[in-house]
Every structure is written in C-alpha cells, then in structure tokens.
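Engineer: So the sequences go chain by chain: A and B. The opening residue of the first sequence carries number 589 in my numbering; numbering runs sequentially from there. The opening residue of the second sequence carries number 589 in my numbering; numbering runs sequentially from there.
Some hints could be false.
Where chains are identical, the list cannot tell them apart; a pair therefore holds if satisfied intra-copy or between any two copies.
Straight-line Cα separation of at most 20 Å, DMTMM-like style, residue types lysine to aspartate or glutamate; simulated pairs [claimed, not checked]:
id: 1; residue 1: Lys886; residue 2: Asp972
id: 2; residue 1: Lys600; residue 2: Glu709
id: 3; residue 1: Lys726; residue 2: Asp632
id: 4; residue 1: Lys600; residue 2: Glu818
id: 5; residue 1: Lys662; residue 2: Asp835
id: 6; residue 1: Lys920; residue 2: Glu788
Bear in mind the hints are in silico, worked out from the structure with no lab data behind them. Just so it is clear, the structure is predicted and the values come from calculations on it, not from any experiment.
2 protein chains.
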Amino acid sequence: MMNDLEAGKYSKRGVSSSKREVHDALEGLSRGLYPKAFCKVIPDVLTGERDYGLVMHADGAGTKSSLAYSYWKKTGDTGVWEGIAQDAIVMNLDDLLCVGITGNILLSSTIGRNKRLVPGEVIKAIIQGSMRFCEKMKAMGISLDLTGGETADVGDLVRTVIVDSTVCARIHRDKVIDNASIREGDLIVGLASFGKTSYEDAYNSGIGSNGLTSARHDVFDKRVARMFPESYDEGMPGDMAYCGTHDLTDIEPETGLTYGKLVLSPTRTYAPVIRAILESCPGRVHGMVHCTGGGQTKVLHFIDDLHVIKDNLFPAPAVFRRIQETSGTLWKEMYTVFNMGHRMELYVPPETAPVICSIASGFNLEAKVIGRVEAGKGRRVTIDSPYGTFTYDKNE
Amino acid sequence: MMNDLEAGKYSKRGVSSSKREVHDALEGLSRGLYPKAFCKVIPDVLTGERDYGLVMHADGAGTKSSLAYSYWKKTGDTGVWEGIAQDAIVMNLDDLLCVGITGNILLSSTIGRNKRLVPGEVIKAIIQGSMRFCEKMKAMGISLDLTGGETADVGDLVRTVIVDSTVCARIHRDKVIDNASIREGDLIVGLASFGKTSYEDAYNSGIGSNGLTSARHDVFDKRVARMFPESYDEGMPGDMAYCGTHDLTDIEPETGLTYGKLVLSPTRTYAPVIRAILESCPGRVHGMVHCTGGGQTKVLHFIDDLHVIKDNLFPAPAVFRRIQETSGTLWKEMYTVFNMGHRMELYVPPETAPVICSIASGFNLEAKVIGRVEAGKGRRVTIDSPYGTFTYDKNE
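Input sequences plus hints: build the corresponding full structure.
Structural biologist: Quick look at the structure:
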C-alpha cells in the first residue's frame, strides 16, 4: 500500500506498515461471533447468557509517551501526562463504540517505566489523569470504571515509560453493530478529529495516537535527539531519527500551539456523541470505523465486494499538513497512516446522515457526509482529495 | 525492610523495593468490596447482579523477557518465549486463585516490541505459547479464554520486548476468599515452587517472575552486557549491571541446567491444585497469598494484629542459593524478594492442612505446614530459617 521508499523508511524505524506478522501469529485464534465486527465479540462466558456477548480489548498510547517525556523534561509541564492517560483509554473506548458499546466498561491500565528517569509524580499524573477522564465520562453518561492496574519498574526493558489500557464490556447481541452490514448505498458520515467540542477544554489538533513514530521523527529535529537520547531507539539509522525541522517549543503559526503540544494533543473521544446517536437512531447505523492504524483505509478490513468512495473529506488539519511538509511523505501514504481530519466514520442509510450531523453539531463537533459506498469487485477505497485521487485495494 | 546498602542497590537498578509511590498515586481509588482480599473485587457492574463480583487484574513477565531475549539470541532456542507467555499469564491467574477464582477467566495480552530486534517468529512463539497454555488449563478444568490482545511496534520505548497480560473474571460473592479471615490458630500450608508436578514437562526451578532484575544482574556477568547491551538499561551504574559470575550457558551443577534456563524456568501455576482444594474443602480456606513482590513477607499487606510465624519453610531451591551466593545479598532480604521455595500459601484451620497436603501430593506437588498464625500487636512476620531468624514488621 506504500511505495518502496516509504515502506523502507517505516521499516527502518521499526514500525510495521501492515500488521501481517501479527495477524499470522494470531492464526487459529477465533474471530468471534461477528467476524467483520470492529472488535472481537465473544459469547458471554462470564454469565453463560446466550443473548449477550463480551468484548475484551487492549491498546495504548504507543510512542506518544516518548514525546510526552521529552516535552515534560523540557518544559516541566506535567499536564501532558494526563493527555497520555486519555490517549491510552480512548484508543480502547472508541474502538468499543464501533461495536455499539457506550457504557458498563471496565478499564485496567498497565504502565511500565524506567524508574531512573520517570519519577512518582509522572505515574501519579497518569493514574490521576485516568481517574479524572473516567469521572468526566461518567458525568456524561458513559460508565467507565477504572478497576486498577499494574505499574512495573522495568528499566531494563523500557527506555522511558509505556502506557497501555485494557477494557472489558458486555453487550446485548441485539445491539451489536457489525460492519458486515455496511452495504451499497450507505453514506459515510465523518466526525471531525480536530476543533473544540463542547466537552473539551482546548483546541484538539486531531492527531490521535497513530503514526506517532512517523510524526515525531518527521516533525522534530536533531535537537530532540541530542537533548533526549532516551526518547528513541538509537539503533535506528541516524537519517531516520528526528529528521524534521522543529524544536519541541517552536510555535506552529496556524494554531499558535507549540509543535510539541500540537503533536501531543490528546486523542478525542467520540463516546458522548456516539451514545446520543445510538439512542436517537437505534438500528440505523450499519457500521462504524475508528480510523486508527490504516487511517482512512482502515475500512478495507471489514468489507467484501464494495467500493468505498471518499470524495468530500474534511480539509486536512494543520498538524497533518505540517507533518506532510516537513517529511515530504506522499499524500497517498498520509491517508493510510493518519486520520487526516476525521477519526470516526459511520455507515448509514441516506436519511440517517442529517440526523447524525445534527446530533454532532449539538456537541459542537463538525460532522458531514464524506463519502458513499458503491457495489464493487473485491475491496476498494478511493480517496478524492485536493492532493490527488488515490485508490487502495485490500491486497495491493 | 532492607538495609541501606541493599536499598541503594535496588534503587540504582531502577526497581522499587516497596511500591509506595505507586500506592500513593492510587490514593482515592477504592479498594473494592473486600479491602483485605488479595485482588480487588468490585460489584458486578456488567450484569448488575448483587450476588456477584468482578475482578479485573493486570501483571506481566517483567524483565524476565530481557533474559529470554539474550538466551534466545545466544542459543536460538525459541522455547523460552513460550515460558514468557506462561509467566505473563500465571502472574495473573495465580493472583486470581487467591480470591477463589479458578475458572471463567478472560485473558488479553499486550506485547510491545522493538521490531528491529524482535522478529515475527518471537511474537508468534509468545502468542502460540499463550494459546497452548490456555488449552492445557482448559483440559484440566480451568477455563481461561484468550480473547486476543495488542502487539505494538514501539522501538522508541521498548529496548527488546515487554509482555503483559490482563484478566477479567466473575465470582459469586459467597465464594470469595478474603484474607481478612486469616486468624489466630490458622496453620499455613506452603505449596512448593520447585520440582516437577504431574502437569509439568520439566523440572521447575521455582523462580517465578519476581526479583528478575536482581536475579539477572546478580547471576550473570559482563559477557552478557557486552554481547547484548540492548538487554539492560545502560544508564544504570556500571557496577550494578551484570555483576554476577556466570554466562548464560554455564551449567548449574546441582540441577544440570544452564544458568539461563534455571532463571528462565516458567512460573508454575497452582490452578489445577487450588481448584481441587477449593472443591474438596469449601469454606475451609481462610486466606491465600501468592508470594510475588514482597516474597515471604507479602502477607503483611493483608493482616492486622497478627503474628505470622514461618519456621518450617522448604529448603531454599538451588536457584535462590545461587543468587544469594553470587550476589552476597543478605538472607533477610532474600526472603523479601524471592519466594525461596513456596510461591503459594494457604491459611487454614489445623484439621484442613493434611487434606490440602494430600491433594497436592496427588499432583506430585510438595506441600507442607510451613508455619502458623498467632495473635500479636500490629503486623509481623517471623522467619526462622537455617540462615537465621528474621523479623519483619509492616512499617519497618
């Protein structure tokens, strides 16, 4: 899905462009009750009730915590750790939304740190950030219970700090959203990843928690490498490490934020909005895709013999344009790594699209029809953007 | 609980001797329905049924994976990764046993790797090792469902590979084992951590997954540091790193195993044995302690105004004697870091002790009364060993 040059750059930085190796290793593990659902739903083995299913799911903040570390060391701003806590939670929570789960969620966090470099105040900021995020969600009707977790001192493994979360939830099978229902004629409503919703305190750049290894090394320059060698794998070829043009505290002119804060912007949750949508439009949402790894092509995992056409995307937010400019990454590839403007998309019948846009607007969240689904042979996504028209096939 | 010199050594290696910082950060987080239970049990928010509780729990293989990495690189033996999978699972599973959970467990694994150093074959060995372990448990009546998990390429955070697991289970509140029930007059039955049970394929050294940062650096010598600098934090003071006397493949004479394999011996699960005990002796087990972080003093977290006397411990297995010899660690401290011979202890009325020993014996697992509980002021553990008599108080 990417040209050889770029695939090489990815690989040299130690990031899989596809997760083929991992998928191979998981062969033999069942795909659950709904093989095309966004998350694996298994029978409710905890109660044995046949009408229910369970989802257990894991994800984390990835290498965004390495940037948080550098920024915190340079500026003393511990607030960035609350953002990392949110990243690790939302990467799970918003995956759950895609199968229709908007509450009764158990959350556990796993933190591995290098105690020599990451003191108790950081752990405290992460854990208390997690607690505050859960409280905020609860106040908005999303019950998310932080059950606890593990903090391990593993400096021989972890250079700075790694923050992961695992969630567990139960859902009535009648309410499961299964992407197998995505069909010809559906419109695709995208929910903006950038801006400032009614439930956020500050402008969100839209970055999320994907592509952070690329974003960090493509935006920031050697000053970060020199000042914080512990923030990256020094075994990576030198020309791949921090080959951007900015320091952490340079100001990005369009947003007025430091580049550090721009790239650290916490992953927005869509939970309150999706909860309202599912309450207002029961049974109307055919599918939902959280545009994480794979970006705007992620839907390819869930379709067969359909052609997904995205020809009315949001304008790419500043953060992604800056990453593209400093790295020279091909636009075709940008859409496969980053969300580029919407991190959640709903596949719905035409008459439901305006209802969703109106609900989102009540949260001061931009939403619009960004594309449609047509019949096709195999699996294909076409992106028609100001930067060109790009086609992606599943097995390309 | 340790003298200044040793506390310094711990700290220089970046490992908390106590987890005070972490406990401080968790202040404000509820301790659950049974504050003295080994794991936090919360109300069953998934179903709302008042008779049930839920446990969600996280732990991992810790820095044992760093040793597995070095051993695998040196010998090509991928079997060590199956052991790491078992370590990450059993560190959770055997914690769950302590509250009375022996089945209907959901398992998710989180692996963070440096893709430059850790190829797909390793990930495959870990995931397939997890699957095989779950199948083995199922065949013995312990239902443990691997729901999936996350494998992330995070070379900028992780030097080699980190393997964590999270579990979730549901239990009828009548069946919860609450260490608040440990009382004066109880006998303590210890279940051996070493030997070869009927459900194991090879001799188990008893090491478990605790104290591995100490064990690795105290047993192995600079040859490991030179050959595999990626296996440890080079920011650690040089005299703290690999200051032992052995290479990975040196033979330990008493066991005939390589030192690498001796220290990599996978964490034994007691699940089949505990399941049989709880079925045979319902309501008779007052408390259970998995002797992980804190070793033989771990029970101090769960008692008040009791004196736990351990005066008939198993002889220390070879692995712990070798660690002590090469490191010169004080024996008093050895008992706070390592299990020293039994990794599970049950607090029971005197008449129940022989029943437990007899059940264990059916699994070819050594078990014996290792001590007793007396009334006391505050919380105290006394260990009467061939190496001296040691007293530990909670706030020492």
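Engineer: Could you run down the list of hints and mark each one as holding or not?
Structural biologist: Now for the hints, and whether the structure bears them out:
no., hint, in the structure
1, Lys886 x Asp972, "within (16 Å within a copy, 61 Å between copies)"
2, Lys600 x Glu709, "between (34 Å within a copy, 18 Å between copies)"
3, Lys726 x Asp632, "between (24 Å within a copy, 17 Å between copies)"
4, Lys600 x Glu818, "both (18 Å within a copy, 17 Å between copies)"
5, Lys662 x Asp835, "within (11 Å within a copy, 40 Å between copies)"
6, Lys920 x Glu788, "neither (31 Å within a copy, 53 Å between copies)"
Consistency note: the structure conflicts with earlier hint 6 alone.
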